[in-house]
Amino acid sequence: MVYHPQPYIIDHVKTINKEVKLFRIKSDLNPKPGQFFEISMPGIGECPLASCSHNPHQIDMLTRLAGNVTTAFFQLKKGDIVHIRGPYGKGFPLGKLKNKNLILIAGGTGLAPITSLINYIEQNRSHFGNIIIYFGFRNPEYILLKDKIKEWRKKFKVTICLDKLEGDKQCKEGFVHEVMNKAPPDTAETIALMCGPEIMMKSVTQTLNKLGLTDDKIYWSMERRMECAFGNCGRCLIQDVYVCRDGPVFRYDHIKPRLENEETSNKIKTH
Amino acid sequence: MKQKKENTTEKLKIGLYGISGCAGCLLTVIYEDCFTEINELVDIKAFPLIKEDNYKGPLDYCFIEGTVCFDEDIITLKKLRKRSKYIVALGACSHVGGVPSMKNFLNKDKVMRFVYPKYNHLKSTNPTPINKHIKVDYYLPQCPPSKKEILEFVQAITSNRPFRLTEDPVCFECRKKGNPCLLNQGQLCLGPITRGGCDALCPTNDTICYGCRGPCPDANIHAFKELLKEKGYTQKELVAKMQTFAGLQFKEFEEEKSTWLEK
Amino acid sequence: MQKIIKINSLNEFLTNLIKDYTVIAPVKERTTKFKAILDPKQIYLDKITKIPLKKFFLPEEELLLAFKENKITEVRPKTKPTIIFGARKCDLNAINVLDKVMKDPNYMHRRKNTILIGMYCTHPDKYCFCESMELINFYDLFFYPYNGHYYISIGSKKGEALVKHLPSAKKEITLKFKNTKKIKNKDIAADYQNTIWETDANKCLSCSACTVVCPTCNCFDIKDKSLINKKQGRRTRSSASCQLKSFSRVAGGKAFRDSRLSRFKHFVYHKIVYFKNRHKIYMCVGCGRCLRACPTHIDWTKTINILSKTKKIQKK
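Residue numbers (this note's numbering), protein chains in the order written: chain A, 123 to 393; chain B, 10 to 272; chain C, 29 to 344.
Simulated from the structure, these hints should not be mistaken for laboratory data. Possibly wrong hints are sitting among the right ones.
[Claimed, not checked] In silico BS3-like cross-links for lysine-lysine, where the CA-CA straight-line distance does not exceed 30 Å: (1) LYS199/C with LYS185/B; (2) LYS108/C with LYS47/C; (3) LYS389/A with LYS69/C; (4) LYS251/C with LYS140/A.
Quick caveat, the model's predicted, so the values are computed rather than measured.
Chain A on its own, in the form it takes in the complex:
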């Protein structure tokens, strides 16, 4: 059964921009926030995608055009059948977040897993303290899920950081960590969770460290090449941890030495 994807019907497709589409799929798989699925395109391949909602009757997939599989996925329309297997991974450590203040940071399509967590928080608002959200995008054109962000602005403290402002008055200019540096958020009794490009997560983590948040209070949602998604194929190993099985969400102090080890040995040139 493990390799056998099941068919589901696409309920709705929304084109967000040239590179990104949002697919709504009817399913009762009910993933935990932060878990992911393998989308299967018969004859082409598979690709891991996180669910960006927390809903027992549907999965939302924010998909960025990247390779063969996503190209084929983009051609599907409402009513078409898509094959999915999952959910995989452990997702966000919901138990540890209870009664805490949260800082959520998302960069680009890293928005997807964070969105599922925000959904969960909305449904269980009394379990959490203050919620501060940062989004990082390239420019106003690249802002994803605009309607949802509008809604969240009413409920939480939301900051959108753009690399280039281009006249957008509701947003702030600069990378997330730069904006954070200028107006530091409160970090008492706080846990930070983030997803996005590794460079972004690294600089944000350094800033949070300066603001008094230690590595054990920071969680990264990682991305690596995954093929089997249940810890057999060995692709996603970061030293001794499987991103698919042990992650994709890691406490930063757990993953940091492993990432540093790989990074330093990648820099050393051999013949």
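Could you slot chains B and C onto chain A? The hints should help.
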């Protein structure tokens, strides 16, 4: 859905041409069931090797076989480049220079005297692969190119999928097949530094790899040379092997000039 | 309780097994490997096989799914009940390692259908280092040659059923495993950044020979193929190698283990450290196949020994 339309109503226009070469690569296309399958997927508009009446208009993909050995070849190439959206280098000669490119490393007069008694009327230049003269979009390496790879390529272009050559060395496929290592047996096999994708055809048949698919992007030529030195081979012997098919590319690779390798 | 059989009646014993089972045993052809045999005379036990036993459980290319139109069907391998005969202790332990990782239905299907018969290893060579890898007894049956007889240890009910008819041994005979090369201190977790690894990585051709012949390397690739111009296709699994750059390359083009050094260290550390952290046993079984196959004769066991030596000197 856009894909499907292209498949059924209007097939891609393909041309297959040859410049100086043995026509072996073009023969591979005709060979066995390869041709019928390609013909099903694309519209073969021009194929001078087997057709008398050839289409002269614009092409989508133009496959070119052979090395540039004469100035006329360059004119032909430039004309084909203008006519086609994409140029596909077919076979080792157009990809890396092939056997003719060996002449680059030899005394030109001596070579010509060896082959022809009178050679004053010959106007050949130093043979070079086609990417030295025109922009090449895709490469289908090997001498002759593998049927499997040609089919894979045609399938990729007709279904809008990107086509990429493997970046793994020949050794990977060779070991997977369970072949005994020819290097360990004391033969000078170029497997570790050659780009794979041929299913280790030669080593499987107990013949050393001559590197016809050009250098593997991740090859450790330095360590390979050290190994051969240890085994008692001279630099000259290794260079001679490397020059059989892809001498120009191996040389460029060593000088780290080859920018097209990552393709 | 051990069973006993005369050495010269082994062939008869095996011929009987071949009638009901597919018997896989080491043979010598172009290279030495495990292969289904029809005649016990084909068996070659003198040297360790070049091709590991894993090839039987994890074939180079295995069909997982078949597609037709929009229907996906799962494909199961068809295997007769199988006996693996003449596996060495290292080979058997390698299966134990694979059992720990592989949760793949095709693998488990094959495993369920197999009986493992081990054979005492009389000829460890200069590359073997099994003695250092804390191997365990893992078999259905195990043969110890002694005094013109094989003394057969029984490891499971499946194995017991095969030797029910044989007489029991009056005295238990188990032989000690022969001395092999040793890795003295395998605690190398803290030495990841040591520059000593660069010497080995510099010599590495990234040819992937070590991972292909390793009996416990199980990383794989899932690939799709669609038949030309037909709405049919299949999904296959084929073995991959962490020594290749393409292994960790993602859709955007970046390779996460970009340098030869990080790839080489990944192999050694996975075998000696990472796997042990998770499963409490070493992934390496000390068969030495990687050392034997390496074209540039990289010996990482030697490197580990040099490491522990330098550490001792530093302590003094």
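Here is how each hint holds up against the structure:
1. LYS199/C with LYS185/B: 45 Å, violated
2. LYS108/C with LYS47/C: OK: LYS108/C and LYS47/C at ~12 Å, within 30 Å.
3. LYS389/A with LYS69/C: Roughly 54 Å separates the two Cα atoms, so the pair is violated.
4. LYS251/C with LYS140/A: Holds: LYS251/C and LYS140/A sit about 28 Å apart, inside 30 Å.
In this structure, the hints that do not hold are numbers 1 and 3, in rising order.
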